[in-house]
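Engineer: The chain contents come next:
There are 2 protein chains.
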Amino acid sequence: MKIVKIISEIENLRKSFAGTIGFIPTMGYLHEGHLSLVKLAQKENALVFVSIFVNPKQFSPNEDLQSYPRDTDRDIALLEQVNVDVLFLPTPTEMYPEGFETEVSLSNLPQRLEGAVRPGHFTGVATVLTKLFHIVQPTAAYFGQKDAQQVAVVKKMVKDLNFPIKIIVGETIREADGLAMSSINVFLSPAERKEASVLYQSLSLAEKMFKDGETDTEKIKTEMTKLIEAKSGMIDYISFANEQLDEVAEVKNGTLVSLAVRFGKTRLIDNIVIK
Amino acid sequence: MKIVKIISEIENLRKSFAGTIGFIPTMGYLHEGHLSLVKLAQKENALVFVSIFVNPKQFSPNEDLQSYPRDTDRDIALLEQVNVDVLFLPTPTEMYPEGFETEVSLSNLPQRLEGAVRPGHFTGVATVLTKLFHIVQPTAAYFGQKDAQQVAVVKKMVKDLNFPIKIIVGETIREADGLAMSSINVFLSPAERKEASVLYQSLSLAEKMFKDGETDTEKIKTEMTKLIEAKSGMIDYISFANEQLDEVAEVKNGTLVSLAVRFGKTRLIDNIVIK
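Taken in sequence, the protein lines are chains A and B.
Residues 0 to 274 in numbering that gives the first Met the number 0 are what the first sequence lists, from first letter to last.
Residues 0 to 274 in numbering that gives the first Met the number 0 are what the second sequence lists, from first letter to last.
You may find that some hints are simply not true.
Repeated chains share a single entry, so a pair holds when one copy, or any two copies, can fit it.
Calculated lysine-lysine pairs in the PhoX-like style (CA-CA distance at most 25 Å, straight line) [what the hints assert, rightly or not]:
hint, residue 1, residue 2
1, K38, K56
2, K193, K56
3, K14, K42
4, K4, K154
5, K274, K4
6, K264, K42
Calculated from the structure, these hints are not laboratory results.
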């Protein structure tokens, strides 16, 4: 695996290669979710590029950039094991040199769910992805369904700005008890980790209630809330939304059920699409 | 010349061609300034693409999008004469379909000069150029020095967001009396047209004063103002700025002298770089 830290070096690499490139942008501290995207990208492309960059611009003022988990040596070992071709590992100064002043923002999609509690988050995401897409120039970029709103924002940005890139979404990878894999699960205490499986349990309950004939989102939300509040989790939101992320009163096929729950200082998100 | 109105058709064209492409984005009503950029692009690229799109997003609320001059038949004839390969001629709906919500903005450069009197103008410029750059995927894009702040904004956007595109700047093309060519010169009355040469005269005066040893921008500005106010033009601004478009008190080599002057309803801009 080639490890590149300098933008101009990736650009030179890119000029000398005309085949398909699959790209997985990450913030590192990799888990099976990321690796499943690598496998997906390898099936569909000649080369696979991964980036690891803890993007300061997507952290809200109230969020702690410094304490985001990092383990670059372990990440490199994992990516070498699965035969990634190129790892792009830039510094914050390489990505945002002094005088940086351009941003990419969406006016509508980020106003809800994660965007509502994380001001500026999706502007940070859209800006860094625009840079990474221009640097790597991939054929396709791969994202996990776990971050459902991020997927919606990226797809909309790519459509609105006509990026010549396909966006491919990989399914959420879960632990044995259903907890969605996430880099920040590491912050859960053993007791919280055990209770955290309630996110997926509540989503599964929503799906079961719909299959049993219930379509009223308020009624389903009430039962999900009961289940979660029996644990120590604090609910940020439980949402039933359409593809544009507008809240809906009635569940149907394609409805996105998503939620955010805090355990101590750790805020977990998860979702399913009703089928 | 191939005329294409649909984005997907340009994208298909683009996939089937791997050589160099020079791109001149325009708002139409073409003049010698545009054609000089075509010639520059032809020297350096295998194919030359031109776009004509009167971009609604770069008109401020106080500006009249409807009355912007248009003559597509004449433009097509001109571009065919100079052997342009592809003309991209999209409709506003093709570029901004319902639900469009993404924009590209700069926080610093647009706060001065043209940006200060035209709120949102450079966000509109940056957004449409991002779209056009992704659709056409040129090797190089060509802009005229007449719109000096636009040149600065485009260069900064390309640098900040790592667009894999070269930005080439063509010199300002002038009428015999020095008036910078511009699509909106058509709005000048015969009397105004005659007086409008004072913009270039005042810029030439600034250069002469500097060559004669004067470096104090206030003193030069006073003389330029006298010259312009002897005509019917109303001065919006006379600016002496460095490369970052910050105002400077002392002229030196590389200083951008720019001005905006209104004749009736028509607002003209021009500039020189002191050498």
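Engineer: All the hints need checking, so say for each whether the structure fits it.
Structural biologist: So, going through the hints one by one against the coordinates:
1. Taking CA atoms no more than 25 Å apart as the test, K38 paired with K56 passes in neither setting, with 28 Å inside one copy and 41 Å between copies.
2. For the identical chains of this complex, K193 and K56 are neighbours neither inside a copy (32 Å) nor across copies (52 Å), given an alpha-carbon limit of 25 Å.
3. For the identical chains of this complex, K14 and K42 are neighbours both inside a copy (23 Å) and across copies (22 Å), given an alpha-carbon limit of 25 Å.
4. In this assembly of identical chains, the alpha carbons of K4 and K154 lie at most 25 Å apart only when taken from different copies (23 Å versus 27 Å within one copy).
5. Within a single copy, K274 and K4 get their C-alpha atoms no closer than 42 Å, and across copies no closer than 38 Å, so neither meets the 25 Å cut-off.
6. Taking the shortest alpha-carbon separations for K264 and K42, neither the intra-copy value of 38 Å nor the inter-copy value of 61 Å comes in at or below 25 Å.
In terms of the numbered hints stated before, the structure departs from hints 1, 2, 5, 6, listed from lowest to highest.
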